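*Asks:* Sequence:
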Amino acid sequence: MDKSVATAHEAVARIRDGATLAVGGFGLSGVPIVLIRALIAQGASELEVVSNNCGVDGWGLGELLEAGRIRRIIASYIGENKEFARQYLGGEIEVELTPQGTLAERLRAGGVGIPAFYTATGVGTAVSEGGLPWRYASDGSVAITSPPKPVSEFDSLGEPRGYVLERAIRADVALVRAARGDRHGNLVFEKSTRNFNPLAAMAGRYTIAEVDELVEPGVLDPDQVHLPGIYVDAVVELTAEQSSELPIERTTVREREAS
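The numbers in the working numbering rise by one with no breaks, and the one at position 182 of the sequence shown is 431.
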């Protein structure tokens, strides 16, 4: 039952080339940066990454991207990442842009064993009709586009309405960040870090969590646990220095006026 692992490098050792990764984080909040850096050192490549966004230049998944380890990305937001945009438009990576709520539900569905679901989001657009550029060619033309998805009508509030079929996401490995965890893998997330981390953890066939604080079983109040340990396979405790690296926290001051 003890799922604690001594180091992040030991935890990511099983990740192989071509693996699909579900990675937690919301912007720069709740990003499993220590596991990402351990994966860079480990050397796995040709990875398919599923995450809300792909970090920023020089931090988070942006580091894995700059290392040339990502082959394909499923995300809802390119964000403030010039390297991501450069690789996408240059035909170096394939990108499946997905509405944010749909992406969240695709991860959750994968975690609870639902193979697909219908949603009204994207009906009548390229999301359902196809044609979104997944990969560009080196000359700037579109090499691969998204296929059309099945659309069905269902009665909604007394009126028929179209819904598009979206498939669940199941990842080989999930990497997540939590504020607290115990040796059984039960996790507690802080504020907005809870947005995508639990969903990514649920979608992973093998889930690794880095935690700011590791406690003994029974310390966490069961009513406060956000993700039960059944979804988690390995837990790595961060050092105080690792926990304090939070680029989302920025201090902005103004110059003092001369008296």
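Rather than coming from a laboratory, the hints here were simulated on the basis of the structure. One thing to keep in mind: the hints can contain errors.
Beta-carbon label-pair distances, calculated as ranges [unchecked claim]:
(1) D266 <-> E465: 18 to 28 Å
(2) K440 <-> F366: 26 to 36 Å
(3) V502 <-> G307: 17 to 27 Å
(4) L406 <-> G307: 18 to 28 Å
(5) G362 <-> F403: 20 to 30 Å
(6) E341 <-> A369: 28 to 38 Å
All values derive from a computational prediction rather than experimental measurement. Ideal placement from N, C-alpha and C gives every residue a C-beta, glycine not left out.
*Asks:* Work down the list of hints and note, for each, if the structure agrees.
*Replies:* Results of checking the hints against the structure:
1. D266 <-> E465: 18 to 28 Å: Because 37 Å falls outside the window, the suggested range is violated.
2. K440 <-> F366: 26 to 36 Å: Because 28 Å falls inside the window, the suggested range holds.
3. V502 <-> G307: 17 to 27 Å: About 23 Å separates the Cβ atoms of V502 and G307, which means 17 to 27 Å holds.
4. L406 <-> G307: 18 to 28 Å: Since the Cβ atoms of L406 and G307 sit about 48 Å apart, the hinted range of 18 to 28 Å is violated.
5. G362 <-> F403: 20 to 30 Å: 22 Å, holds
6. E341 <-> A369: 28 to 38 Å: The hint (28 to 38 Å, Cβ to Cβ) holds, given that E341 and A369 are roughly 34 Å apart.
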